[in-house]
Amino acid sequence: MPLQKKLSCLFIFFASLLLTRAEVVPCNHKTPVCECTDPRDEVCEFTFDIEMLQTFTRYVVDDATGDSRGTAGSVWYINNDGEWERANSKDTLCGSSINSTNCTQPFGVDGYTFRSFIAVNGRIPGPTLIVTKDWLVKVNVINRLASESVSIHWHGMHQRNSNWMDGVEHVTQCGIPPGASFTYIFNATQYGTHWYHSHSGAQRTDGLFGALIVKESQSDRAKVRNEIGDFIDIPSQHTLTLLDWQVSNSIDLFTRIHSGIRYYNIENAAKLSSNPESRRTYSSDGAEVGPVPYWSGIINGKGRHRSVPYVNSELSVFEVSPGSVYRFRLIGAQSLYAYRFSIDRHKLTVIATDGQYIRPMEVDFIIIHSGERYDFLLQTENDTSQFNYLIRAVTMEVNDEENKNITEAILHYNTDSSTYPTATEYESIARSSQSDHVRCTETSNCTALNCPFLVYPQRYHISCEHIHNLRLLFPVSDSDLPTNGAKGRTSLFFNFGFEGISQTSAINARNLKLPS
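FYI, in mature numbering (1 follows the signal peptide of the UniProt record, and there is no 0) the residues of the sequence shown are -22 to -1, 1 to 494.
Each hint should be verified, as a subset may be incorrect.
Quick list of in silico lysine-lysine cross-link-like pairs, DSS-like style, CA-CA up to 30 Å [what the hints assert, rightly or not]:
id: 1; residue 1: K249; residue 2: K193
id: 2; residue 1: K116; residue 2: K382
id: 3; residue 1: K111; residue 2: K249
id: 4; residue 1: K382; residue 2: K201
id: 5; residue 1: K382; residue 2: K325
id: 6; residue 1: K68; residue 2: K280
id: 7; residue 1: K8; residue 2: K201
id: 8; residue 1: K193; residue 2: K111
id: 9; residue 1: K8; residue 2: K111
id: 10; residue 1: K116; residue 2: K249
id: 11; residue 1: K116; residue 2: K8
Worth flagging that the hints you see were computed from the coordinates, not collected in a lab.
This structure is a prediction, so every number in the text was calculated from the model and none was measured.
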């Protein structure tokens, strides 16, 4: 396309923004979900403030703007009654009550690790954005980090005719420098469960990520329900993001992985003489699971490190009513570890993957890797003798039952006789949970979707359903298919592996080299 024609197209595109109606959605530390709701709008506008904050810390809110900045903080902790309490009783910055409104709420994350994280609008993860298919999305990103540039990738958006908005630093754009801002503008042309995350270094492991939900049009929604039946779809309440949380920030982690000192998990050099290298762990097929030892995991920013009693932690709670069918959306935001996801005493009927509807498949487990998304239907029980069920995500390592790397949340049946579960109840909920070896037996095998190997060992009593067994619910539009080139069919071979002593990732023995 000639340059003049390209410039004309860009002029028309940006001029059209001035003529369309926009909904500016308030999105701050109080709003975990930011949704455009006015059907008359054609543009949905959000603002992201990116900054570095500290876990277990509350920050002062500006009275005039309602915004918070990581400049005046007060440290809090979860006491043995499961309640937030000031670490220093003489600290009056945020008062003595966790309910005071002059400060933000603290993020305990895994309940154990006191470290910095990257916040989007004062939150980890960032707010869930909800828009409708074909709306124009506008996101103003302000980088308030002290020394790192950022970029945000809209994972699942095809960015057709807007590739410069794809958010990959050094590839589609220069990074947004500290103190600067950048506005992403793109069409939400793909309905489904998507997400956004930093594409600068490994910042998403520090918390720079969140869900992006694109709702179907009414006609598409009716078409789906005609095929698979009716269900309740509340993405603001039933979207789950999984993250493997690390003991240190992404820069330290990246340095360790790429220098070959991955398994030394110590806090001071005096311990080096005792050779404290952590043991490597493997999945059931003999593959090494991760390049650094597992630390902890979180679901929607909350979880529990194994060293922390349940009462001193916060878990995410997802509410449902008895005798109903709900759509849940599962997003794998992990940096290193795959998870085997399940909900106690409930089957998962998978209906979509990576934004595409599939023919429903009922399974017990969903194995989810980094970047993947699965939508599933959950049929709740009519029997309300039990109100709380454990949601669990377990790594693929071969470990004994007592030392599993498990990430937890709670499914809560909301009835007239039930009460919202508190931290003092977490342990009893976990103790009454159904372990995998009880759920999956020789006479009652379980099924797992997306196994990274052909079969589970027989002792697991788990059968594998692989991705290539899934079938689309609707045929792909011809406009979404690649056209045949002049040479017709072409075969390409990609060998994915980890190269050399440092075991850095490579494709066909070549590593990514950033431009100078």
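The hints, checked one at a time:
Taking the CA atoms of K249 and K193, the gap is about 53 Å. The hint is violated against a cut of 30 Å. Restraint check for K116 and K382: not satisfied, since their Cα atoms lie roughly 42 Å apart, outside the 30 Å limit. With a CA separation close to 55 Å, the supplied pair K111 and K249 exceeds the 30 Å bound. As the CA atoms of K382 and K201 are separated by approximately 42 Å, the hinted pair breaks the 30 Å bound.
A hinted pair counts as satisfied when its Cα atoms are at most 30 Å apart, and K382 with K325 qualifies at roughly 22 Å. Distance restraint check for K68 and K280: the Cα-Cα separation of roughly 28 Å lies within the 30 Å cut-off, and the hinted pair is therefore satisfied. In summary, the hint linking K8 to K201 is not supported, as the alpha carbons are separated by about 35 Å, beyond the 30 Å threshold. Our distance criterion of 30 Å between C-alpha atoms is met by K193 and K111, whose separation comes to about 6 Å.
For the given pair, K8 sits about 26 Å from K111 by alpha-carbon distance, which is consistent with the 30 Å threshold. Between K116 and K249, the direct Cα distance comes to roughly 50 Å. Violation of the 30 Å bound is thereby established for this hinted pair. Proposed proximity of K116 and K8 is supported: the alpha carbons are some 21 Å apart, at most 30 Å.
Checked against the numbered hints above, the structure violates hints 1, 2, 3, 4, 7, 10; every other hint is satisfied.
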